[in-house]
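J.: All chains should be modelled from the sequences, with the hints used to inform the complete structure.
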Amino acid sequence: MLHKTQAIVLNTINYNDKYLLASVYTSAFGRVTYMVPKSRSKSTKVQKSLFAPLSILDMETEHQASRDIQRIREAHILYPLYSISGNMVKTSIVFFLSEFLSRILKDTDEYEIIYNFLSHSIQVLEESEKGLANYHLVFMLKLTRFLGFYPNLEDYHNNDYFDMLNGIFVSNQPLHNHYVNKVDSKVLSLLSRISYENMHLFLLSRQDRQNIINRMLEYYRIHLHDFQPLKSLDILHELF
Numbered sequence: 080m081l082h083k084t085q086a087i088v089l090n091t092i093n094y095n096d097k098y099l100l101a102s103v104y105t106s107a108f109g110r111v112t113y114m115v116p117k118s119r120s121k122s123t124k125v126q127k128s129l130f131a132p133l134s135i136l137d138m139e140t141e142h143q144a145s146r147d148i149q150r151i152r153e154a155h156i157l158y159p160l161y162s163i164s165g166n167m168v169k170t171s172i173v174f175f176l177s178e179f180l181s182r183i184l185k186d187t188d189e190y191e192i193i194y195n196f197l198s199h200s201i202q203v204l205e206e207s208e209k210g211l212a213n214y215h216l217v218f219m220l221k222l223t224r225f226l227g228f229y230p231n232l233e234d235y236h237n238n239d240y241f242d243m244l245n246g247i248f249v250s251n252q253p254l255h256n257h258y259v260n261k262v263d264s265k266v267l268s269l270l271s272r273i274s275y276e277n278m279h280l281f282l283l284s285r286q287d288r289q290n291i292i293n294r295m296l297e298y299y300r301i302h303l304h305d306f307q308p309l310k311s312l313d314i315l316h317e318l319f
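Residue numbers (the numbering used here): 80 to 319.
None of these hints come from the bench; they were simulated from the model. The beta carbon of each residue, even a glycine, is placed where N, CA and C say it ideally should be. Honestly, I wouldn't trust all of these hints.
[Unchecked claim] Pair ranges (Cβ atoms, derived):
no. : residue 1 : residue 2 : range
1   : His236    : Asp186    : 35 to 41 Å
2   : Arg152    : Asp234    : 46 to 52 Å
3   : Pro253    : Arg152    : 49 to 55 Å
T.: Here it is, written out as structure tokens:
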């Protein structure tokens, strides 16, 4: 059966001499693997050049629940990413988010809501010129709301610890090992005030920013199964 859906490309891998496999997050079905021809013929209705990381596409697909790999009939760019493709900093953020999302996005009933968040966030990155060093921090925090473990970062008091198991600040050191020390907890509390709209106003030090992202990744690792280390993290640490 044919279906129309919007989609965000997560990653692609080689399948054989003729095809790539594209992992894509769709508005209609959530995460799906599609077969993409490698042919560069102008007559091909599905060009592999469309499937760059985080590209936003409009697609017509064949979808059968019994298949592990689905087929695409047609694909078109829905929202061009001119600024991202020409900006090294934005491109580096995209590669990090591509790997990050590929690791954490699993089957869920909230795929349309998650798709809308991802699409909006990618468009924000495309249009933003300031605050890029904080963009991925805002993104990672906001995404936890849709995955079911959004932390309470607003109820902070001086010298609190952040309890990562329960996602809250506490006044006494937790009895388990999954907590953030007092110094890093104070920096982490800033995330409750940072948004896409004001991220350019927060001038964090390189060390504070790296501590926050490392703690956020640890927080994800605690609340998700089989979340492996990210190879692209070193690139962000070099940039920011």
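J.: Determine for every hint whether it applies to the structure shown.
T.: Hint check:
{"no.": "1", "hint": "His236 / Asp186: 35 to 41 Å", "in the structure": "39 Å, holds"}
{"no.": "2", "hint": "Arg152 / Asp234: 46 to 52 Å", "in the structure": "50 Å, holds"}
{"no.": "3", "hint": "Pro253 / Arg152: 49 to 55 Å", "in the structure": "53 Å, holds"}
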